[in-house]
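Asks: Each chain, written out:
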Amino acid sequence: MNRQAQAAVLFLLGGALLHAGTTDLYLRYVKAGLRPLLLAAGAVLIAAALATAWYERRRDRERHPHPEPRVAWLLLLPLLALILIAPPALGSYSALRSGTALQKPYGYGPLPAGDPVPLSVVDYASRAAYGHGRSLHGRAVRVTGFLALDHAGRPYLVRMALNCCAADAQPVKIALTGALPPVLRPDAWLEVTGTYAPGLTHDPVNDGPIPYLLVTATRPVQAPRDPYDETWNT
Amino acid sequence: MAITEDAPLGTDVSRAGPPRSRRLSSPLALTLTLLTAVLAQSPIRGALGTPLMQSWTTVFVAVTVQALPFLVLGVLLSAAIAVFVPASFFARALPRRPALAVPVAGVAGAVLPGCECASVPVAGALVRRGVTPAAALAFLLSAPAINPVVLTATAVAFPGHPEMVLARFLASLLVACAMGWLWQRLGRTDWLRTPARGAHEGATKGEAFWGAVRHDVMHAGGFLVLGATAAATLKAAVPAHWLRTAAGTPLVSVLALAALAVLLSICSEADAFVAASLTQFSPTAKLVFLVVGPMIDLKLFAMQAGTFGRGFALRFAPATFALAVAGAVLTGAVLL
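So the sequence lines, in the order shown, correspond to chains V and R.
Okay, so the first sequence: first residue is 1 according to the working numbering, each after it adds one.
Okay, so the second sequence: first residue is 1 according to the working numbering, each after it adds one.
The hints are simulated quantities; they were obtained by calculation from the structure and are not laboratory data.
A couple of the hints might just be wrong.
For each label pair, taking beta carbons as the anchor points, the in silico distance ranges come out as [claimed, not checked]: (1) V:Thr231 to R:Gly311: 45 to 51 Å; (2) R:Leu330 to V:Leu184: 49 to 55 Å; (3) R:Phe89 to V:Gly33: 30 to 36 Å; (4) R:Leu186 to V:Glu230: 26 to 32 Å; (5) R:Lys205 to V:Pro112: 53 to 59 Å; (6) R:Thr36 to V:Leu180: 44 to 50 Å; (7) R:Val111 to V:Gly33: 40 to 46 Å; (8) V:Pro181 to R:Trp242: 31 to 37 Å; (9) R:Leu48 to V:Pro220: 57 to 63 Å; (10) V:Leu214 to R:Leu52: 55 to 61 Å; (11) V:Gly199 to R:Pro162: 30 to 36 Å; (12) V:Lys104 to R:Pro318: 34 to 40 Å; (13) R:Pro162 to V:Trp54: 48 to 54 Å.
We put the CB at the ideal spot given by N, CA and C, even for glycine.
Just need the whole structure built from these sequences, with the hints factored in.
Replies: Written as C-alpha cells, this is what we have:
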C-alpha cells in the first residue's frame with residue numbers, strides 16, 4: 001500500500017471512529033467511558049492522514065521509497081465491518097454460551113423510590129440470589145433486559161455486563177416464571193414487572209446462581225441507548 | 001484522496017521493477033476494494049447474519065475499536081520518543097549496567113497508563129533509541145500489568161482481596177525482570193529485527209514525526225487486526241463449559257487459565273473482571289490469568305512479531321509464557 005492509499009485508509013478509519021463516537025454506535029462495542037479517547041484517536045488519525053497527504057505532495061519523487069507494510073491492508077476489515085455492517089450488540093446467542101457473572105455484592109443500597117421499584121438486572125439478581133430477596137421487602141420490581149431461551153425453552157431475562165469492550169462482556173441472568181407472553185422471541189427487549197420468587201437455579205455453563213422472578217406483567221420496549229450494564233465500571 | 005499518474009512509486013517495491021509496472025497501483029486497488037464491498041454489501045450482510053457470525057463480527061469490531069485509541073496513544077508516544085527525545089537521554093536515565101537497567105525499566109513501566117497495545121510501539125521506539133533490549137523488553141512486559149489504571153481495576157474487581165493487587169504487581173514485575181535478565185544472558189541481537197527506519201527519515205521533525213505515526217498505525221494496526229480476528233474466532237468457537245471440567249484439578253486449572261488468557265486477548269484493563277467471574281477457579285489460577293494475559297496473548301504475539309520480527313516472537317513468546325506461569329504460581333503460593 002503506498003502512502004496515498006495509506007492516507008486514505010487513515011482518513012477513513014479516523015472518520016469511522018469519529019462517526020461511532022459521535023453517534024451511539026460505539027456503545028455496542030465498548031464502554032461509555034471510552035468515548036473521549038475514541039474521538040481523540042479519530043482526530044489524530046485524520047491529522048495523520050492530512051499530514052501524510054501534505055508531505056507526500058511536497059516529497060522529493062526521486063528518492064527511493066521504503067517498502068510499505070503490506071499487513072496494513074487488513075485494516076480495511078474492521079473499517080468495512082464498522083461502516084457497512086455495524087454489527088449489533090451481543091445478544092442471546094452469546095448470553096447462553098457464557099455463564100452468569102453474578103457476584104456477591106458488598107452490601108445493598110436502599111431501594112429506589114417507586115412502585116414497582118425500577119431495578120437493573122444485576123441489582124435484582126444480586127439482591128435475590130444472595131440476600132434471599134430480603135432487601136426487596138416483598139415489593140414489586142420492574143426490570144429491563146433482553147430475552148434468551150435455553151435449549152429446553154426456559155426463558156431468561158438477560159443483560160450483558162461490560163467492563164471494557166464486548167470481548168469481555170458477560171451475561172447476568174434472571175429466570176422468569178409466571179405470566180409470560182405466549183410468544184417469546186429471543187433478543188427481544190422486555191420490561192418485566194414482577195415480584196421476588198424464592199429458589200435458585202444454576203447456570204449449566206459455570207454453576208453460577210440464577211434467581212427467579214415471578215412475572216406479573218411484561219411490555220416490549222426499545223433496546224436502551226447503552227445495551228450493556230456498566231454498573232461495575234464505577 | 002489524490003490519485004496521481006505516477007502512483008506505482010510506493011507500491012510493493014520489494015521487487016525492483018520499472019517505475020511503470022503493470023501491477024495494480026495501491027490507490028486503485030483500494031478504490032476497487034471499497035467499491036466492491038459497498039456494491040456487495042447485501043450478500044455480505046446475509047452471510048454474516050447468523051448468530052455465530054454476528055457475535056464474531058461484534059467481538060472483532062469491539063476488540064479493534066477498543067484497542068485503537070490505546071494503539072494511537074502508544075504510537076504518538078513512540079513517535080515522540082523517536083523524534084524529539086535524544087538518544088543520550090536514555091543513556092543518562094538508565095543505569096549503565098544492563099543488569100541494573102532491567103529492574104529500573106521494569107518499574108518505569110508503571111508510568112505508562114494504558115493496556116498492552118500501547119506498550120509494544122513504545123518498547124520498539126526504546127530499542128531504536130539505543131536502550132538495551134533487555135531493559136526495553138522488561139518495560140514491554142511490565143507496563144501493561146503494573147500501571148495504576150490496571151491495578152485500580154484489579155482492586156475493584158476483587159473487592160476485599162487487596163492481596164490480589166499486590167500479588168499481581170509483584171508477580172508481573174518479577175516475571176518482567178526475569179525475562180529481561182534472561183534476554184541479557186541468552187538473547188542474540190540477530191533474533192531482534194529492529195526497523196531501520198528512524199528519525200533520519202523526513203526533512204523536518206514534523207515530517208519525521210507524522211511519518212513515524214503513519215507507519216506505526218498502519219503496521220501495528222494491521223497486526224492488531226490479525227490478533228483481533230484470532231481472538232474473536234476463539235471467543236466464538238471455544239465452548240465455555242470446557243472450563244468447568246478444567247477447574248477440578250489444580251495443575252490443569254492453572255494451565256487452562258493461562259491458555260485462556262493467551263486465547264482471549266482481553267485488554268489488561270478489563271481482564272481482572274473476567275478473572276473474578278471465573279468463580280470455580282482457585283485464586284492462584286486467577287493470578288496466572290492476570291499475569292500471563294498482559295504479557296503474551298494472540299494479539300500481542302502478532303504485534304510483537306510485526307515490531308521485532310517473527311524469529312524474535314517465536315522465541316520470546318513461549319519463554320514469556322513459561323516464566324509468567326511459573327512466576328505467578330510461585331507468587332500465588334506465597335501470597336494467596
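Asks: Next, verify each hint and record whether it holds.
Replies: Now for the hints, and whether the structure bears them out:
Range check, V:Thr231 to R:Gly311: Cβ separation about 46 Å, and the 45 to 51 Å hint holds. Taking 49 to 55 Å as the suggested C-beta distance range, the pair R:Leu330 and V:Leu184 conforms, at roughly 51 Å. Taken as a hint, the range 30 to 36 Å holds for the pair R:Phe89 and V:Gly33, whose Cβ atoms sit roughly 34 Å apart. Checked against the hint of 26 to 32 Å, the pair R:Leu186 and V:Glu230 fails, with Cβ atoms roughly 45 Å apart.
Between R:Lys205 and V:Pro112 the C-beta distance comes to about 56 Å, which sits within the given range of 53 to 59 Å. Taking 44 to 50 Å as the suggested C-beta distance range, the pair R:Thr36 and V:Leu180 conforms, at roughly 46 Å. Hint check: R:Val111 to V:Gly33, Cβ distance near 21 Å, so the stated range 40 to 46 Å is violated. Evaluation of the 31 to 37 Å hint for V:Pro181 and R:Trp242 yields a pass: the beta carbon distance comes to about 35 Å.
Between R:Leu48 and V:Pro220 the CB atoms are about 26 Å apart, so this pair departs from the stated range of 57 to 63 Å. Under the hint 55 to 61 Å, the C-beta atoms of V:Leu214 and R:Leu52, about 34 Å apart, miss the expected range. In this structure the hint that V:Gly199 and R:Pro162 lie 30 to 36 Å apart at CB holds, the actual value being about 35 Å. Distance hint check for V:Lys104 and R:Pro318: the Cβ-Cβ separation is about 38 Å, which falls inside the suggested range of 34 to 40 Å.
At roughly 51 Å, the beta carbons of R:Pro162 and V:Trp54 sit within the given window of 48 to 54 Å.
When the structure is compared with the earlier hints, violations turn up for hints 4, 7, 9, 10 and for no others.
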